[in-house]
Amino acid sequence: MSSSYLSKKSTVTIDRVNDTQISLRHISKIFPGRKGWLNKITGQASSDFVAIEDINLDIEHNTFVSIIGPSGCGKSTLLDIIAGLSTATAGEVLINGQVVDKPGPDRGMVFQNYALMPWMTVQGNIKFAVETVFPKMPAKQQQRVIKENIQLVGLTGAENKHPHELSGGMRQRVGIARALAINPQILLMDEPFGALDALTRGFLQDEIERIWEQQRKTAIMITHSIEEALLLSDRIVMMTKGPAARIDEVLEVPFPRPRDRTTVESHPDYLKLKQEMEDHLYRETRAVEAARIG
Amino acid sequence: MTVVRESLIKNSKKEKLLDNENIRALLLFLLSLGIFLLFWEMGAKLKLFSKGMPTASLTIKELWYWVTHPFYKNGPNDMGIGWNLLISLRRVAIGYTLASLIAVPLGILVGISKVAFKAFNPYFQLLKPVSPLAWLPLGLYIFRDSELTGIFIITIASIWPTLTNTAFGVANVDSSYLNVSKTLGASRWRTIFRVIIPAALPNIISGLRISMGISWLVIVAAEMLLGTGLGYFIWNEWNNLYIPNILVAIFIIGIVGIILDQIFAYLEKLVSFGKS
Ligand SMILES: Nc1ncnc2c1ncn2[C@@H]1O[C@H](COP(=O)(O)OP(=O)(O)OP(=O)(O)O)[C@@H](O)[C@H]1O
Ligand SMILES: [Mg+2]
Numbered sequence: 008m009s010s011s012y013l014s015k016k017s018t019v020t021i022d023r024v025n026d027t028q029i030s031l032r033h034i035s036k037i038f039p040g041r042k043g044w045l046n047k048i049t050g051q052a053s054s055d056f057v058a059i060e061d062i063n064l065d066i067e068h069n070t071f072v073s074i075i076g077p078s079g080c081g082k083s084t085l086l087d088i089i090a091g092l093s094t095a096t097a098g099e100v101l102i103n104g105q106v107v108d109k110p111g112p113d114r115g116m117v118f119q120n121y122a123l124m125p126w127m128t129v130q131g132n133i134k135f136a137v138e139t140v141f142p143k144m145p146a147k148q149q150q151r152v153i154k155e156n157i158q159l160v161g162l163t164g165a166e167n168k169h170p171h172e173l174s175g176g177m178r179q180r181v182g183i184a185r186a187l188a189i190n191p192q193i194l195l196m197d198e199p200f201g202a203l204d205a206l207t208r209g210f211l212q213d214e215i216e217r218i219w220e221q222q223r224k225t226a227i228m229i230t231h232s233i234e235e236a237l238l239l240s241d242r243i244v245m246m247t248k249g250p251a252a253r254i255d256e257v258l259e260v261p262f263p264r265p266r267d268r269t270t271v272e273s274h275p276d277y278l279k280l281k282q283e284m285e286d287h288l289y290r291e292t293r294a295v296e297a298a299r300i301g
Numbered sequence: 042m043t044v045v046r047e048s049l050i051k052n053s054k055k056e057k058l059l060d061n062e063n064i065r066a067l068l069l070f071l072l073s074l075g076i077f078l079l080f081w082e083m084g085a086k087l088k089l090f091s092k093g094m095p096t097a098s099l100t101i102k103e104l105w106y107w108v109t110h111p112f113y114k115n116g117p118n119d120m121g122i123g124w125n126l127l128i129s130l131r132r133v134a135i136g137y138t139l140a141s142l143i144a145v146p147l148g149i150l151v152g153i154s155k156v157a158f159k160a161f162n163p164y165f166q167l168l169k170p171v172s173p174l175a176w177l178p179l180g181l182y183i184f185r186d187s188e189l190t191g192i193f194i195i196t197i198a199s200i201w202p203t204l205t206n207t208a209f210g211v212a213n214v215d216s217s218y219l220n221v222s223k224t225l226g227a228s229r230w231r232t233i234f235r236v237i238i239p240a241a242l243p244n245i246i247s248g249l250r251i252s253m254g255i256s257w258l259v260i261v262a263a264e265m266l267l268g269t270g271l272g273y274f275i276w277n278e279w280n281n282l283y284i285p286n287i288l289v290a291i292f293i294i295g296i297v298g299i300i301l302d303q304i305f306a307y308l309e310k311l312v313s314f315g316k317s
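Protein sequence lines correspond, in order, to chains A and B. If you read the first sequence in our numbering, its first letter stands for residue 8, the second for the next number, and so on. If you read the second sequence in our numbering, its first letter stands for residue 42, the second for the next number, and so on.
Some hints could be false.
[Stated by the list, open to error] The calculated lysine-lysine pairs, modelled on BS3-like cross-linking and capped at a C-alpha distance of 27 Å, are:
no.	chain 1	residue 1	chain 2	residue 2
1	A	K168	B	K223
2	A	K147	A	K168
3	A	K154	A	K168
4	B	K316	A	K134
5	A	K143	A	K109
6	B	K169	B	K159
7	A	K147	A	K224
8	B	K223	A	K143
9	A	K134	A	K147
10	B	K310	A	K224
11	B	K86	B	K155
12	B	K223	A	K154
13	B	K223	B	K316
14	B	K223	B	K159
15	B	K102	B	K114
16	A	K42	B	K159
17	A	K168	A	K134
18	A	K147	A	K109
19	A	K224	A	K281
20	A	K134	B	K310
21	B	K92	B	K102
22	B	K159	A	K47
23	A	K143	A	K154
24	A	K168	B	K310
25	B	K310	A	K47
26	A	K109	B	K223
27	A	K134	A	K154
28	A	K134	A	K224
29	B	K88	B	K102
30	B	K316	A	K168
31	B	K223	A	K147
32	B	K169	B	K155
33	B	K102	B	K86
34	A	K134	B	K223
35	B	K155	A	K109
36	A	K42	B	K155
37	A	K224	A	K154
[What the hints assert, rightly or not] Which residues of chain B face chain A? A partial, calculated answer using Cβ under 8 Å:
no.	residue
38	W81
39	G84
40	A97
Keep in mind the hints are simulated off the structure, nothing from the lab. Don't be surprised by glycine CBs; every beta carbon is placed ideally from N, CA and C.
Pulled out of the complex, with its shape left as it was, chain B reads as follows (with noise of 0.2 Å):
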């Protein structure tokens, strides 16, 4: 018996390296990554893909020198991509916390009020489905100022996921945890404060995390259209017809993308508490 067991022991642990998900899933990204790049390399040596198209080597040469020399200032057309980083996220981080200022509160009234959830609804409903961009002229007309009108995009386009998130949430919370505050005879809002948004919390955190993500597509495109970011230096450098650069923003606004995602992730396992 006890010999099995020790051989069974011995097995796993000699298996454990090849086993274990995670590093053969490393293994294979690494394996694919490298395939991707040969192929790119090769490709773009032999002239296979179209006219212009960057090595992959160039591109990450690139990559180097963009991420090694993030700020310097020559101008408004030639800056390091830290600076046009850090204006899109400002953009973002203003828009996006006004839009969650507005739509958590309204979301909580909209979802412990049945009247509230039906006379506003149509609103959500009706401005939900629009592009964010269709509020672009509408607000270079308004505020006559570029920047405003980033955060103006911003807001308008982040609103709507946490708002309706927040508003099913709270309409939706566990009927026992209403009743438990119901027979202590707890206040009304008492009941909301301490019961109702801590229920809706887990909601109310993907509907940011929703409209976080919302928030970084649409600045790019936004800021192709206005002055300085991310989304500008990607449209300067088509002007400039050079596409490793293009690449590189690319892979960097993915990355931010990424980081962004990712805080929203942990703050959502911290509220859940054994729910996933």
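Bound conformation, chain A alone (with noise of 0.2 Å):
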């Protein structure tokens, strides 16, 4: 078992060199500030604000990736630049080589607060997402992939409730389903857990994880979680502190699939990539607060 996940390791590594996904070069991101005479009268003017500057990173098909860092270091900027929801003041997104400044269905994304619409069913959020991006496909096919979706997530019994009358991490299941039925090349999550209680959020990144080892689906996702990030992703990328924010370091994270809590956190490794992350956060959380004191 080791020794062919050993030599699997190999090839992915050679794969990696020139199966680039998605490729950041040179993303910065400013947001003016306010200026004008009349922001001046006023005492509301601001100067720019320079979010994150010069992000170079290459992301090879079928990986998961985390991002981690401070709070306000730019990570959901980073994130919703490469959705398209926000575009870069300079560098580009390239995917499968062709540069995107929209947003578009081969990427689907999770949000943090669900985002589902209120007035839909269950049923209804995933089929407005089918309907939009599949427009042409037979109603039976799509009734199919809306089913399909639902159970995936384990939500059989639930298609015709609405959000409003379900729990933080059922919301956060049809908003998974919703992602994964419009069957997008790249998983965006923007900390997908980040509002839910210890353990249902456990619950729902051992969902992620067998999900994921399913479809292999490229997935970028934001967390604060150290462990979380260490139990789903094969790459985990540290940013530094704002403002100005760049990637600080790329982590590998060489434990063998698919994982489950209790083989991961006993893998020799565990403790150490652990240890380096939360000295990580640590220094730049502390410099953080330095620099609000200061």
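Two chains, two frames, some hints: make the complex.
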């Protein structure tokens, strides 16, 4: 088992060299400040804010990447640029060699606040996505896709409920099903479990791991949880504090797949990686606090 | 342990009837109503109020008469209150529907486009605070017809709350819904009809509710100067100097107002989906 894993790993690394799916090139984002004489008079003028500066990253097919960094460093800003919801001030995002500057159904997004339409049922929310992306698909097939994805996230029986009748964990299951139902190449998740209690969070992490093993879609996930990142990712991108946040370091996570909590935690490298991430986050967060006081 | 719990359950059952907020409120309401009617009856009998103030019992008797004989017709100045009510409701229905047909689409347009909002907002701001009755002479001059003027006044009066609420709701749709729509690559039309309008529906309905309230306020005032309807009924009884019927009409206007408002309260609940 472990030997086959080792040989697999070496081929994977070779593959990765020319198998880049997402390529971030010199991405910067500057939020313009408030200018002009009116703002000056009212004392509301502010200077430009450089959120992220010169981010470079290549992500290979079928890789699960986590982004971790101190609060407010620009993780959401970066993910929104990849999603096409916001445009980079400089630099470009390439997907399969093509520049993307618009949102599109090749990228499925899972939102921290679930972003479910409250007037649509569970089924309705997923149907809206499927109908939007595959308008020509026969109704029968649409229905099958919807049903499959509801099954995949374990929501069978709740199809006709409205989001306000569901718990937070179940709502995010709908969010995940909606993102997967359009069969995107890439899954983008911005703190998908940030609003959930620890137990529910654990369940959903296990679900994501299970689903990811089935589908192996390239995924980019923002998280604040070191354990979550180690459980799910192939690579962990650690960002420095803002302003002008950069990528500090990219960790390779060597744990074999399929993973589960216990095998991951007993892997010889687990504690070393965890320690490294803790040190990084502690250092950057302390710098944030110091900057705030100073 | 179990004994304590059982006695707790028993106690809570015993106290339930008097503890229930609704029942206490009902009792207080009935009590205050009784005191009010008694005070009115005694005051009127002892001539404590101004001359011609009817007693409570006479007013209630009149109310009973009007409610049991709603539909009769002996000429325009002597009609059952049911006819007058239907006339008022008809004017409101036509004027209000017209206003809504203008206000909702215009509100959506203005809410979606920042340019349209800036361009048209001055009109709304200028016209909103004008009393609808100020349009009455203009209406009579233009239409030379009391019926059309009544409808015109209702339309003008009930356009603004729906318009401004719709525009507000559309302009302030939760950006995460719009982001979902964008990431799916939904077309502009699809976003408007499947996301923006449903998301703004609670605001649109509450605008429609305020507009309905205003229509009902305005129709009574306008009808005093027109020819028929509940407002005219009051005006006519004022000319007859018969106060009990005026009180009866006030009561009926109030009840109908409550019913109209409750219809919209129900609609609001229907589209709120957990958000109150
Ligand atoms: N529209 C905006 N205008 C101005 N500044 C902004 C805007 N959006 C974000 N910022 C700033 O950019 C920085 C990065 O924000 P971002 O939301 O990307 O951080 P984050 O890493 O996702 O934080 P968190 O971990 O708290 O979610 C913050 O300092 C924020 O104040
Ligand atoms: Mg964020």
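Which hint numbers does the structure go against, in order from smallest to largest?
As far as the earlier hints go, 10, 11, 18, 25, 38, 39, 40 are violated by this structure, in ascending order.
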